[in-house]
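Since the structure of chain B is provided, determine the placement of chain E on it from the hints.
2 protein chains.
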Amino acid sequence: MQSIEIYRRKVEKELELFFADKLSKAEDLNPVSKEMIMLLRDYTLRGGKRIRAALLFYGYLCFSDKSLEKVLKASLSMELLQSFLLIHDDVIDRDNLRRNGPTIHYSYSQIGKKRYNLDNNLHFGNSAAILVGDLACSFAIEAILTLDINPKYKLKALEELSKSVRKVLHGELLDVTSNFTEISTKDLSTIHELKTAAYSIEGPLKIGALLTGANERQTKPLSNYAIPLGKAYQLQDDILGLFGDEKEIGKPVGSDIKEGKKTLLILKALEKASNNQKNTINRLLGKQNISKKEISQLKKIVKDTGSLDYSKELIQKLAKKSIKEIKKADIRENARKFLIDFANYLISREDLAKILGQD
Amino acid sequence: MQSIEIYRRKVEKELELFFADKLSKAEDLNPVSKEMIMLLRDYTLRGGKRIRAALLFYGYLCFSDKSLEKVLKASLSMELLQSFLLIHDDVIDRDNLRRNGPTIHYSYSQIGKKRYNLDNNLHFGNSAAILVGDLACSFAIEAILTLDINPKYKLKALEELSKSVRKVLHGELLDVTSNFTEISTKDLSTIHELKTAAYSIEGPLKIGALLTGANERQTKPLSNYAIPLGKAYQLQDDILGLFGDEKEIGKPVGSDIKEGKKTLLILKALEKASNNQKNTINRLLGKQNISKKEISQLKKIVKDTGSLDYSKELIQKLAKKSIKEIKKADIRENARKFLIDFANYLISREDLAKILGQD
Numbered sequence: 006m007q008s009i010e011i012y013r014r015k016v017e018k019e020l021e022l023f024f025a026d027k028l029s030k031a032e033d034l035n036p037v038s039k040e041m042i043m044l045l046r047d048y049t050l051r052g053g054k055r056i057r058a059a060l061l062f063y064g065y066l067c068f069s070d071k072s073l074e075k076v077l078k079a080s081l082s083m084e085l086l087q088s089f090l091l092i093h094d095d096v097i098d099r100d101n102l103r104r105n106g107p108t109i110h111y112s113y114s115q116i117g118k119k120r121y122n123l124d125n126n127l128h129f130g131n132s133a134a135i136l137v138g139d140l141a142c143s144f145a146i147e148a149i150l151t152l153d154i155n156p157k158y159k160l161k162a163l164e165e166l167s168k169s170v171r172k173v174l175h176g177e178l179l180d181v182t183s184n185f186t187e188i189s190t191k192d193l194s195t196i197h198e199l200k201t202a203a204y205s206i207e208g209p210l211k212i213g214a215l216l217t218g219a220n221e222r223q224t225k226p227l228s229n230y231a232i233p234l235g236k237a238y239q240l241q242d243d244i245l246g247l248f249g250d251e252k253e254i255g256k257p258v259g260s261d262i263k264e265g266k267k268t269l270l271i272l273k274a275l276e277k278a279s280n281n282q283k284n285t286i287n288r289l290l291g292k293q294n295i296s297k298k299e300i301s302q303l304k305k306i307v308k309d310t311g312s313l314d315y316s317k318e319l320i321q322k323l324a325k326k327s328i329k330e331i332k333k334a335d336i337r338e339n340a341r342k343f344l345i346d347f348a349n350y351l352i353s354r355e356d357l358a359k360i361l362g363q364d
Numbered sequence: 006m007q008s009i010e011i012y013r014r015k016v017e018k019e020l021e022l023f024f025a026d027k028l029s030k031a032e033d034l035n036p037v038s039k040e041m042i043m044l045l046r047d048y049t050l051r052g053g054k055r056i057r058a059a060l061l062f063y064g065y066l067c068f069s070d071k072s073l074e075k076v077l078k079a080s081l082s083m084e085l086l087q088s089f090l091l092i093h094d095d096v097i098d099r100d101n102l103r104r105n106g107p108t109i110h111y112s113y114s115q116i117g118k119k120r121y122n123l124d125n126n127l128h129f130g131n132s133a134a135i136l137v138g139d140l141a142c143s144f145a146i147e148a149i150l151t152l153d154i155n156p157k158y159k160l161k162a163l164e165e166l167s168k169s170v171r172k173v174l175h176g177e178l179l180d181v182t183s184n185f186t187e188i189s190t191k192d193l194s195t196i197h198e199l200k201t202a203a204y205s206i207e208g209p210l211k212i213g214a215l216l217t218g219a220n221e222r223q224t225k226p227l228s229n230y231a232i233p234l235g236k237a238y239q240l241q242d243d244i245l246g247l248f249g250d251e252k253e254i255g256k257p258v259g260s261d262i263k264e265g266k267k268t269l270l271i272l273k274a275l276e277k278a279s280n281n282q283k284n285t286i287n288r289l290l291g292k293q294n295i296s297k298k299e300i301s302q303l304k305k306i307v308k309d310t311g312s313l314d315y316s317k318e319l320i321q322k323l324a325k326k327s328i329k330e331i332k333k334a335d336i337r338e339n340a341r342k343f344l345i346d347f348a349n350y351l352i353s354r355e356d357l358a359k360i361l362g363q364d
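Chains as they are written, first to last, in my numbering: chain B, 6 to 364; chain E, 6 to 364.
This is chain B alone, in the form it adopts within the complex (with noise of 0.2 Å):
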């Protein structure tokens, strides 16, 4: 979507500006303390589509399309809590990569074996990345405090700013247990809810909105439009996962299967399957050194129990829910144009490297 591209220059330019800020003010600081904003600063500027600050942009154009440069200055803190969130998430899956350069933790934890002759510095580089990630954290917040805009709004943006942050956490806990317990089709609902539908697009939207003095019934369609479409997004996601493209969706094709992830599409797979179908799924979920082949073999008993097509028709369906709702939404008709396109954008282009999950 070009209206995406335009506004991700504009944020990372702002970004740019922003960390310029921190490090101009940081001049009294101390080495240590001024490469960790350094490392943020390049983690934040080296990826990512920026979708979720081009949402809080549209949020707020829902109902105004006055002071847009503030919005701007708003719309990074939306980056720099997706830093936050990033970079502890890296920690826990024990990524070395993220964006197509080193994770923080890996940074540091070659500074910590170059620089210091550490033994443990896997350990130190954990350490370090959750101060970043903290930092990232703050900053996040101090953007939005910061803004030249009426007090009552801001408050309550930071409100669902936090909001949103609780329900990615309980998401994210949520997630990593459920890789070692059964878990129903219901559970996996709240899990794409929590982790991606409220703080992916919910909650960018309704904080653009805030920022405008919008209120709770204001506000509604913007949820009600939100929650369907992620859910849709993380269940295209999924599929890209296992059907997509390595190149296109940047991570080897499969790896969902290798962490032993229970996507909608091994569980729906797992109720219709025969019992020889069960059984090779359990055989290969989690199995860490599958081959071409097994995933084959996985990607059949997926098509043939109907599962595919289970998840590409609630996809619609979600998508369409998303759709009706914003078309009867009492927004400004520029948002309303852009939000359409972004939904479908988001389930239709199946070539698509990831948009949100992982940036």
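No lab work stands behind these hints: they were computed from the structure. Be careful, since some hints might not be right.
[Stated by the list, open to error] Covered by chain B, per the in silico footprint, the following chain E stretches (three or more residues, Cβ under 8 Å):
no., region
1, 34 to 42
2, 56 to 68
3, 161 to 167
4, 172 to 186
Cβ atoms here follow ideal geometry from the backbone N, Cα and C, with glycine treated the same way.
Chain E alone, transformed into the frame defined by chain B:
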């Protein structure tokens, strides 16, 4: 101090109400999310003298004596913020015990082992603790956001909270890395300012003051009081850590030595030491299986070089400066009385368990 003890009980009652409210609203949440909140509640309620909460209260009292119930609610945020930082700190320090109970990461590592049969239960424990710490941070912010106080004042208070968190994060990383490098007494003073003085004393006092609508000119004397006092406290704490009574300080005497921590006691001793004494210090600092006899050896060097006296004199000098500043400040008398008593309390009681540092 009696006034702190009285306040402690009030804050703990409010904390119980806060968590009861969270848990009642969490009724529709799943058991995993409820457990997160319950573990955080137990950890937060288990201990601490609630000094930071009391300081917020007296910061408010410096300029107003109205709406004290609201201030009590505001002061909760300091304890939630402390939980956030301690939970992450526990992961970083790999401590399994805090406030006479299990740390969050330890509790989760046990859950990982017993409930989920995990091999990598330590990593699961750390992962969950990162998320619970983040949750505590979001609760701390919410406790301020939802106060029935002038929006502008709340925003100012949140800016200060955010700033003091950044200081403690920078201080924390600086502290961790100082174990691996040469540091100067100036670096050490920076660490004490960031980690202890700004976060534990200046922050709570200023946040309380800002909630009355106090301006920068009015809060300046509180900073002038807080920074030297915080530094004095940290030095006092270092003395207790080496010369105190094990039962009273709540951790083994000489833990700092084992950790290889370069306290001012050590830095000044090294400065004045003979070559022989220097070798002994360097040999024993960071030694894991250090004996009681070796600790006594070190204590003797710290005394003989005059380093102990140096720290003691510096503590008195800093505390005097602190008291002088608050005596001339334009604040209400009952708050002034508390702050003078508090300064004397913080630096005088050699037999006292750590008050601020580790709770």
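In ascending order, which of the hints set out earlier in this document are inconsistent with the structure?
Those not satisfied come down to hint 2.
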